[in-house]
Amino acid sequence: NAGVTQTPKFQVLKTGQSMTLQCAQDMNHNSMYWYRQDPGMGLRLIYYSASEGTTDKGEVPNGYNVSRLNKREFSLRLESAAPSQTSVYFCASSERGGPNEQFFGPGTRLTVL
Amino acid sequence: AQSVTQPDIHITVSEGASLELRCNYSYGATPYLFWYVQSPGQGLQLLLKYFSGDTLVQGIKGFEAEFKRSQSSFNLRKPSVHWSDAAEYFCAVGGGTSYGKLTFGQGTILTVHP
Numbered sequence: 089n090a091g092v093t094q095t096p097k098f099q100v101l102k103t104g105q106s107m108t109l110q111c112a113q114d115m116n117h118n119s120m121y122w123y124r125q126d127p128g129m130g131l132r133l134i135y136y137s138a139s140e141g142t143t144d145k146g147e148v149p150n151g152y153n154v155s156r157l158n159k160r161e162f163s164l165r166l167e168s169a170a171p172s173q174t175s176v177y178f179c180a181s182s183e184r185g186g187p188n189e190q191f192f193g194p195g196t197r198l199t200v201l
Numbered sequence: 031a032q033s034v035t036q037p038d039i040h041i042t043v044s045e046g047a048s049l050e051l052r053c054n055y056s057y058g059a060t061p062y063l064f065w066y067v068q069s070p071g072q073g074l075q076l077l078l079k080y081f082s083g084d085t086l087v088q089g090i091k092g093f094e095a096e097f098k099r100s101q102s103s104f105n106l107r108k109p110s111v112h113w114s115d116a117a118e119y120f121c122a123v124g125g126g127t128s129y130g131k132l133t134f135g136q137g138t139i140l141t142v143h144p
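Taken in sequence, the protein lines are chains R and D.
When you line the first sequence up against my numbering, it's residues 89 to 201, in that order.
When you line the second sequence up against my numbering, it's residues 31 to 144, in that order.
Source of the hints: derived by calculation from the structure; they are not laboratory data.
Every value quoted in this text rests on a predicted model; they were computed, and no experiment measured them.
Every residue, glycine too, gets a C-beta built ideally from N, C-alpha and C.
A couple of the hints might just be wrong.
[Stated by the list, open to error] From the structure, some residues in chain R lie toward chain D, with a derived Cβ separation under 8 Å:
1) 129
2) 170
3) 193
[Claimed, not checked] If the Cβ cut is set under 10 Å, some of the chain D residues that face chain R in the computed set are:
4) 39
5) 55
6) 57
7) 72
8) 140
9) 143
10) 144
So here's chain R without its partners, still in its complex pose:
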């Protein structure tokens, strides 16, 4: 039981390049989330998926797109990376929304040059 897994762990991009961050969970959770973490700002929600087939914007969605591929997988795509997107990205999942605990992956450290 791996929990929430993310790939890659580290990535360096040049401005304008695109990439997809992958996330998968094996806990049969309905809801999945993408956050970014920047020093002194805590975690900010980028997008979330309340259930399979639905996605919604969070606090900082600009420059990102997401796909809920199936119940297990939720990917985050940067179409044209910018230095402002240098951050640590965390995927999380929960049984459903509301008061349920969110389980976090180990993170992807992304640098955009």
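Given the coordinates of chain R, assemble chain D onto it according to the supplied hints.
Same frame as chain R, now just chain D:
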């Protein structure tokens, strides 16, 4: 809009000393409150959570937190800190209508001196 404030960016304590990390929230209804811990280079791990009922909640690793509605606070405490508690701590708030969307505080970095 919901928000969380952790007033202390960095706290240093000696091993064996008591600890209190402050968290103040703003939320229009009954909040769901969480404390997470993040060790360097790791993801976040849940320490404890409050949904309803007893306002003093116990968590893992000997941590506890008290929900005080009148003060809009949810402070984290530990009676005796261990060197392994050195990490960054995040308070988060959510609620029923926000459907699982958590708002996190800025985090408090805890340093433990031997």
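*Which numbered hints turn out to be false for this structure?*
Of the numbered hints given earlier, those the structure breaks are 2, 5, 6, 8, 9 and 10, listed in rising order.
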